[in-house]
Amino acid sequence: MIEIRNLTFDYGSQTPIFENFSLDIGRGEAWAVIGPSGCGKTTLLYLLAGLRQPGGGQIVIDGRPLVRPRPGTGLVLQDHGLLPWANVRQNAGLGLTIRAFYGSDGRHAPADERLDGVEADRRVNHWLDELGLAALQQYFPATLSRGQRQRTALARTLAMQPDLLLLDEPFSALDAPTREELERIILRLQEDHPITIITVTHDIDAAVVMGRKILILEDGSNRHPQVIANETACGVDASRDGAFREKCAELRQLLGKLV
Amino acid sequence: MKNVLDIKAAALGLVMFVLLWQVLAWLVHRPILPPPTAVIPVFLQLAAGELGLHFLASAARVLAAIFLAIAVALPIGLGLGLAPGLDRAVAPLIAIVYPIPKIVLLPVIYVLMGITDVSKVFLIALIIFFQILVVIRDEAAKLHPELILSVRSLGAGRRALLRYVYLPASLPAVLTALRISVGTAIAVLFIAEQSLTTRGLGYYIVVETYQVLRYPEMYAGILAMSLLGLALYMVIQRIEMRVYRYQEGGNEGARSK
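Protein chains in written order, with the working numbering: chain A, 1 to 259; chain B, 1001 to 1257.
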């Protein structure tokens, strides 16, 4: 589904974050991206979302080179993503509200591309229910817990029916029960929909839970993807058995070599 | 938001003000300070007639200036907030022009724009314009980059960002700036209306009453001008409170869930 071809990217000066970097990601796969802070994890997510343009090479999604945010890609950032002046319901419906007036290229949408209000309401209701936010519709972000805010951001993204979901540190600063609940919600999405999920994290446990494949990024220039397979240990419920611990140890060792 | 002026507080303040006025009038005991008992009946009697017309003329000028200032400051302020390079280039100019007391430009504006209502409105709009311009620019520039990126990832182009992010983000600050600058605007209106017009409270207070020693009528004019300022202040504050609702955490118990 995603082909990263000879990607090069830098923020102006210093060493580039990606240099001639290539990677293939298949449809419906679950990936985790892990690495020390500053290694370019979030940058990779922005590039995949079409919010940053590569300096060289290209990213092809579904056979099309990415030049702007693509309608089927959903991005959930770790914080600050919700409109502080809009309540949960308005925030969850923001993407659909925008889509009601503007096309995916940012211009006014032609009438036949617009989503009618009834369908938009139905979708927002569905995801508010699904994510346990139905009772919080009228609340403003400042009055919500972090987990509730994170779920609202997720509802907003899922209402757009993405086939690619990009998550930036979705579990950081969440307490353990909230975190497990959110992990369960996200992983369950893949059972019902053929959705590709890429989770960026600095947390080893979260990477092992969320990624069937784990991409390790290093500090400095990333030239070759370092990918480890994690078919057996992923999933929330596997969290306590030996395979999970082994995988965590393996990952810890690999990361240790990089620092 | 502290110091909210609601109807009850305003009424109480009015009573205290009238009492203080009465006491001062007794103490001073000169024609230049007539007691409220002499002024209020005159005010009520004139309000339905000529004073009312002068009030409407002044109110129309201030309102026109407010709308003109917003209409011009909004696109320029948002544009500067969205284009940091341009903002840096013109920031020194704005910093220099911003504190100039715009009233000194009155003669220049009269000569350039002619002695019409347009020039008076323009002068007041100029004052409000700079106040609003600066806050819109700063609010737009202050927005969290992550917020912009996540809204862009939902498919928002430039126009959608302006409409759903930048505009609502700067609205509270615009209202606050407006509420604060309305006082200055009315002070400047008072000066601008003293000459070259025959309508407006400034003209009424200075030319029609003060200069011919009609002190009770003059105070009726002062009262009308004060009410104009008070009314604008309270209306803006009301809108502000509606807009600020989200910051007050009005939904108790949300955290416990």
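Hints in this document: simulated from the structure, not taken from any laboratory.
All figures in this text were calculated on a predicted structure; none of them were measured in a lab.
Just so it is clear, CB atoms sit at the ideal spot from N, CA and C, and this is done for glycine as well.
Any given hint might turn out to be false.
[As the list claims (entries may be wrong)] Partner residues aside, some chain A positions facing chain B, computed with beta carbon under 10 angstroms:
no., residue
1, 51
2, 74
3, 80
4, 84
5, 97
6, 122
7, 185
- Message: Interface hint check: residue 51 of chain A, Cβ to nearest Cβ on chain B, cutoff 10 angstroms. Holds or violated?
- Response: For residue 51 of chain A, the interface hint holds, since the closest Cβ of chain B sits about 5 angstroms away, which is under 10 angstroms.
- Item | When the least beta-carbon distance from residue 122 of chain A to chain B is tested against 10 angstroms, hint result | Status violated, d = 18 angstroms.
- Item | Agreement of hint residue 185 of chain A with chain B interface, Cβ distance less than 10 angstroms | Violated, about 16 angstroms.
- Task: Tell me if residue 74 of chain A is really an interface residue toward chain B, meaning its C-beta lies closer than 10 angstroms to one of theirs.
- Result: holds (7 angstroms)
- With a cut-off of 10 angstroms on the beta carbons, see whether residue 84 of chain A makes it to chain B. Holds - the Cβ of residue 84 of chain A comes within 10 angstroms of chain B, reaching about 6 angstroms at its closest.
- Is the interface hint for residue 97 of chain A satisfied, with its Cβ closer than 10 angstroms to some Cβ of chain B? Because about 7 angstroms separates residue 97 of chain A from the closest Cβ in chain B, which is inside the 10 angstroms limit, the hint holds.
- Given residue 80 of chain A as an interface hint, is the shortest Cβ-Cβ distance to chain B below 10 angstroms? holds (4 angstroms)
In this structure, the hints that do not hold are numbers 6, 7, in rising order.
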